[in-house]
Every structure is written in C-alpha cells, then in structure tokens.
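There are 2 protein chains.
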Amino acid sequence: IVARQDGQLQAMLEDVHYADVAEIVNGIDHIKQATYLIKLLDSDKTSDVLTELDDDLREAILKRLSVKEIADELEELDTDDAADIVAELPPERAKKVISHIEDKEHAKDIIELLRYDEDTAGGLMAKELVQVNENWNVLTCVKEMRAQAENVTRVHSIYVVDDEGRLKGRLSLKDLLTTSTKTHIKDVYISNVDYVDVNTKDEEVAKVMSKYDLEAIPVVDEMGRLVGRITIDDIVDVIKEEAEKDYQLAAGISQDVEADDSILELTRARLPWLILGLFGGLGAVFIMQDYEEFMSNPELQDLFFFTPLIAAMAGNVGVQSSAIIVQGLANDIVKGSLWNRLLKEVGLSLINGLALAVLVLAFGYIMNYDISFSLTVAVALICVIIVAALIGTFVPIVLDKRGIDPAIATGPFITTSNDIFGIFLFFYIAKLILHF
Amino acid sequence: IVARQDGQLQAMLEDVHYADVAEIVNGIDHIKQATYLIKLLDSDKTSDVLTELDDDLREAILKRLSVKEIADELEELDTDDAADIVAELPPERAKKVISHIEDKEHAKDIIELLRYDEDTAGGLMAKELVQVNENWNVLTCVKEMRAQAENVTRVHSIYVVDDEGRLKGRLSLKDLLTTSTKTHIKDVYISNVDYVDVNTKDEEVAKVMSKYDLEAIPVVDEMGRLVGRITIDDIVDVIKEEAEKDYQLAAGISQDVEADDSILELTRARLPWLILGLFGGLGAVFIMQDYEEFMSNPELQDLFFFTPLIAAMAGNVGVQSSAIIVQGLANDIVKGSLWNRLLKEVGLSLINGLALAVLVLAFGYIMNYDISFSLTVAVALICVIIVAALIGTFVPIVLDKRGIDPAIATGPFITTSNDIFGIFLFFYIAKLILHF
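So the protein sequences, as listed, match chains A and B.
So for the first sequence, the numbering used here puts the first residue at 2; every next one is plus one.
So for the second sequence, the numbering used here puts the first residue at 2; every next one is plus one.
Since the hints were derived computationally from the structure, they do not count as laboratory data.
Hints may contain errors.
Identical chains share a label here; the pair holds if one copy fits it or two copies do between them.
Heads up, simulated DSBU-like pairs for lysine-lysine below, C-alpha to C-alpha not over 30 angstroms straight-line [to be verified]:
1. K402 to K208
2. K40 to K212
3. K183 to K432
4. K402 to K241
5. K183 to K169
6. K202 to K402
7. K46 to K212
8. K183 to K109
9. K46 to K169
10. K402 to K183
11. K69 to K144
12. K246 to K432
13. K169 to K202
14. K246 to K97
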C-alpha cells in the first residue's frame, strides 16, 4: 500500500469478498491509506465495503470523498444502506450528495427513508421489493416482476397490493409457476401475511421475524400501504446489537463502545457507573459508622471483617435474579403473577442461603469463633440473600411495567443498592441477635 | 379446553400460526390438556408446534404419544428439526420411532444427522436442498430442480456438484432463466461459493453467515461432498443462544436456565457461583484479620468502613474491563499487542481513578476526616482500580489464548478475585502510607 502499486493491489482486491476488504480497511490505522485503498476498488464493491466499515472510519473516509463520489456509491447501494450513510453526513453535505444522485427515483426513496427513526421498522426497511397488483393476471405479473427484480438483490416474497397500494397478501413463486397465465392474482394470492408498521420498534420486528421464522417482512404505513420490506440480515444485526447493549449495561457500560474506541469515549461510558458505585460505598460507610460501638468490643469487631462477604453475596444474588428476569422479559416468557414469582425466589434463596449458612458455620467452627457469633453471621446471610433476590426480581419487573428498559437493573445499579441493603441488614440483625 | 369442545377448538386453532399455537400450549400448566390440544391439530401443524415448544414440555408430551404418532410427525418435518426431536428421545424409543417412518430416505437422512454434535454445522444442517450436476444442461437441471424443490420449504440457492457429489459452486436463478436450455451447467455456474465443514462450530458458522450476509450456506463433509445446508433462521437461534449464554455467565448462572425452570434446576445453576463468592468473602476475612491491629487505633479503625467501597469498585472496574474485552474477542476486533491494550487500560483507569479519588477527598473533607486518612483511601482506590482493570483485561485474553471461553471471566469469577485483591491492596497500601 505504501508503495502505491495500484495495478497489483487492484488485481488482488478484485477477488476478495467486500466483507473481507472492509476488515482489511478497518485494520489500517492511517486514514489516508484507507481512503486510497477504498478509491482503488470497483465502484460497486466500494459501496458495499463502505457499509461494512466501522462508523468512525467511515465518517473519516466520507470526509475525504467528493460529493459526487459519495453520490456514485449511493447509487450502487440498496435504499436502506444508502439512507444509513446519508444519515451520518452533516445535513448540508447530505443535501448536496442527494442532489448529485442521478437516479431520481432512488434519491426520492432515500429521502423518504430518512424520515424514519433509526430504531423503527421504517428506519430498517429498504424500498426494493417485488409487488404486484391484485387485478393483474399471472402473465402481466410475471413480466412486471422481471422488471422489478432487476433492482432487488434477493427476492424473498412477492407482495400483492390493491389499486391504492394497500398490502393485501403475498404470492408464492410456486403457485405463480403452476397456474395458468390468465388467472387473476386476486384468485391465487395468500391473504394471510405477517407485516409490521413503519413505527414498530426494531426489537419488536426482530421478535416477530424470529418467532415466525420469516426471512423478510413487508412494512406498511399508517394507511396500510406497502412502503418497504425488511430482510433477515438486517434483523440479525438488530439482535446482535440488542444482546451487546444488554450485556454492556449488565457490566456497567452505558454507551455502545468497543475495545478500540478512544480512552475518552470509554471513560464517558464507564465513569458514571463507577461514581454510582462510589456513592453506594460511601453510603455503606455511613451505615457502618452507626454501628461503630461494635468496634469497642473485641468479640464483635470481627463482624466488620464480614462486610465484604455480605456485600458480595447480596450483589451476586441480586445480579443472578435480575438477569434471569430480564432475559425472561426479553423473550416474553415471564408470565404469572408477580407474587408467585417473588414466592419462588424466596424458596430458591432459602435453599441457597441455608447451603451457604452451613459453610459459614463450618468456617466459624474451624476458626474457633464463638457459636453465637457464627450464628449471627449465618442468619444475617440468609436474610440478606432473600432480600437481595427479592430486590433483583422486583426491580426489573417494575421497570418493565413502567416502560423502562429493565436491562439497566442488572448491572452496578442492582449491585450497589444490594450492597447497601445487605450491609444495613447485616448490622441490624447482628444488633438484634446480640442484644447490643 | 376443559369442556373438550373438539370441533370448536379445532376450528379456532386452524387459522392460528403454529408459533402462536406453541405459545398457547406453552402456557398450559396441565400436561394432559396440552397433549390433548396437540392431538387435536392437523398433523402438519402439530409437527411445527412440537419444534417450537419448551424442551421440558415437549419431552412430557412426546412421552404421551405413541411411537407411530411421533413417526408421523417426523415425516412432516425437515430433517434437521426431526433429528433434533429424535435426539431428545431415549435411545430405545428413538430406534422404534425411526423404524416407523415410512419414507425410508427421510429416515436415513435423520439417522445421518444424529451422528453430528449438536453444536457443529453437521448438527445444524438440514438435508433438504436443491443440487444439480455440473454435467447437466439447463433443461435437465430445471426438471430435476422442480422435483427436488417439492421437499424444500424455501429455495435459497442451487448448488452445483460434480459426479462424486463434491461441491463445485452455485447457480443463480436469474442466470438459469436467461440462458439457453442446452447450455451446460459447467459453463454458467459461479465457482465462488462460501461453505462450511460438518465439523465447523456453530458459532463459527454464525460468524461467517452474518459477516457475508448469507441466507443459507452449504455444508460439505471431509471429502468436500455436499451433505446439507444451514439456513439463516437456525443461525438466528444460535446467535440468540450464544448471547444469552454469555449474559448468564456474566451474571453468574452456569447452565441454560429460564425463569420458569424448577427451583432445583435454578439452584444448580446459581449455587456454585455463590459458593465461589462465599469463599472469596472468607478469604477477605483472613486478609483483614492480619490487619486487626488497625482496630485498636480509633483513628484507623474507620478504614474498615471502606472495605465494601473498595471491594465494589474493584469488582465494577474488573467487570467493565472484562466485558469490553470478551465482546471484542467475540467480534474478532481485539487486535494489537497485549501490552498496548494493558497500557490503554492503565491510562483509562488513571483517569477514572483520579476522578473518583477527588470525590473521596471531598467526602473526607465534609466528614472532617484526617487529611492523611483521606489521602490513604484515595491513593489506595486509584491503585485498586488500576490493578482491577489490568486483571479484567488480562484474564479473558489469556483464557481465550488457551482455548477457554473468556465469558466465564466476566461474572462472579472476576468480581470475587478482584474483591480479594482489592481489599488486600487497600490494607497493604494503608499500612505503607500510615507507617503502621
């Protein structure tokens, strides 16, 4: 690359899949070199590579391309990918780029797609699809389809619309091939078709498509008119992003960051949760100060050695309970009443708590602790585990009912609050039992 | 259902999609009633519903069906789904069921699929596909394809093989329709085709398919012969399961459990991690006992109030660092040397640590702590955060290099070890600074 042997590089890259080229370009640290490589490619490959690049790199490269060059790339892309790229440009530049697109129909479609939110069906869909009118006969239909299929990379389904463009149903390729050419579409189409609204959330679309094993789903507007379709490969991305987001939230990382992002971006994503944890820890300091009197009793000051253990158990149990509930909510399998579920958690925690209490008693015996001291720790541990499990179950369900993403309740949020509750409960119970 | 109004129920269920029927059946607590409902359905719907049911419920229902009934359902299913169901039956029963399948070809395919591990390409693939010989001409090809397509729910690609059945390439439907009927396949097929081996891990298949946006991928055996194909809907399930597994591991849940599983199953998945946490906590008790002398100094005994804070910060930072690395490893974007990455973590932790240290100093000022005491806590906090971040980055990378799933390093494992390290470091540094 450094030597700029255009011919050789071009020949090499020609046979490489665009996803692999994107991987190579992503690996280049120098933006200048990356741009140079991008410009070397065939135009139809460039456009595909562009869609696969990391966001930051794509932005940098687009800055170095002329308005005309970008417009050329967009012509090669499906409307959904093209709209995604335009959405990343500064508004002024986006306008210029669109005015340079020669295929006016394509430009119109892109502008229409820009209207929709990124995380709705409208933002995911492409305008490329094959549609036929219910009043056509099979012959007209086949002719029209051929023309339309030119623009569509992969034909998944043929959608049937009425004269107003409203979605009526779908047509199977098999039926089309086996019926007489004079039959009207009206008489052969399947009226039972799944579809989503332009405003449907992307997660909802993903749920519907994976539940019914669909490879494409038509999208209708508020009036029921067919306006686009979403294919399964876009949904795979949604599912992955969703899973990554939940995972990061559970780990206390608030924005969509990657290992290769800048230190500043990573700090922005991580520091807020750490500050939350710090305040939780300072809260625990306050609580323990109230029980400072234990310190003066040589037999009881050892209780303070157990605070990290209690806090850790409260945190672990809370995270476990909340993770199961959050996952259940995501898969729509949390049914039955809240009370039954809480009751189940109590049962579960009792079993876990008793098992752990036995271990604590054994530890106390080996360490020659006073039996009442060991019992205090054990009983407090059981109570803490039960309360932690209840909080872990209760909070995500309540958040979900209020329309808040329950995934935020699985990370530092639940750990921190359970730490404080746990330590408070621990000392409170200790005081009760030891009659201080 | 209770009233057993067969006719009415049957009519109602006829129009419902099988995935919805499965959801209804999953919601029925009574196995008898669920079985009754299943038996009411049309045979081709029953089989689809069966594949969508929860594992436990399906097992229970299959027990209540005769060998002949199960065989009938299997005939309706694609080979991959059928093989999955057979694999769940006790070996004796499975043999009997297979012997009752009338379509011997189908039975043979199922037996073949049972040979492969569940989590390999062989275990995911279906035998249903459309293949043509490179020596045929287009006319023969179209005829053969019609016959084969009968058994295939959705035709994604037409695969081209040689006389020995080895995969040579694929054929586009468009090319097939636009070339003369006498052309040989040899002259029109596309030799550039992605494929996987029967032994390829399912995660690897998912990576390849989502990277190249494939909707189906052919599977070859050790000799390069085409033996099956995997479709994107199966991959969506793999991606989801993978994400859920990582998420559960990060939360300290070791098996694939759901909110609705029995208390015993949930305990088995959760208790081991809690015991790990308990041992960590007991380890911390040991460490603190070594610093019991602090207790006798009224100015220094307050250090013990800060142990939960230190432990929580060490745990949070460790989980954040490891989560980013684990996700990066899963997406193949962790490149560059380990040292650079560790250096970056140190920089990041320094920024986070300094910000948090300032807050601690402010807290100490408000609370009228001795300045040397506050400084001790602040300095220790910074050190703990840096070490926790290094451990969180180092451990998953090393695990990954040794072929162990790094996801186990994100949950209680990293929290527990960081708790202990953190507390040890805290007291060690305190002793150093305060010259005890």
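Results for each hint:
1. K402 to K208: So K402 and K208 pass the 30 angstroms test inside one copy only (19 angstroms; across, 35 angstroms).
2. K40 to K212: The answer is between: 22 angstroms across copies meets 30 angstroms, while 42 angstroms in one copy does not.
3. K183 to K432: This pair counts as neither: shortest intra-copy Cα distance 89 angstroms, inter-copy 93 angstroms.
4. K402 to K241: both (24 angstroms within a copy, 24 angstroms between copies)
5. K183 to K169: within (20 angstroms within a copy, 40 angstroms between copies)
6. K202 to K402: So K202 and K402 pass the 30 angstroms test inside one copy only (17 angstroms; across, 39 angstroms).
7. K46 to K212: between (34 angstroms within a copy, 15 angstroms between copies)
8. K183 to K109: Close neither inside one copy (35 angstroms) nor across copies (42 angstroms); limit 30 angstroms.
9. K46 to K169: Close across copies (24 angstroms), not inside one copy (36 angstroms); limit 30 angstroms.
10. K402 to K183: neither (54 angstroms within a copy, 64 angstroms between copies)
11. K69 to K144: The answer is neither: 34 angstroms in one copy and 48 angstroms across copies each exceed 30 angstroms.
12. K246 to K432: neither (42 angstroms within a copy, 41 angstroms between copies)
13. K169 to K202: Only inside one copy: K169 and K202 sit 23 angstroms apart there, 42 angstroms across copies, limit 30 angstroms.
14. K246 to K97: Answer is neither; intra-copy 34 angstroms and inter-copy 46 angstroms both fail.
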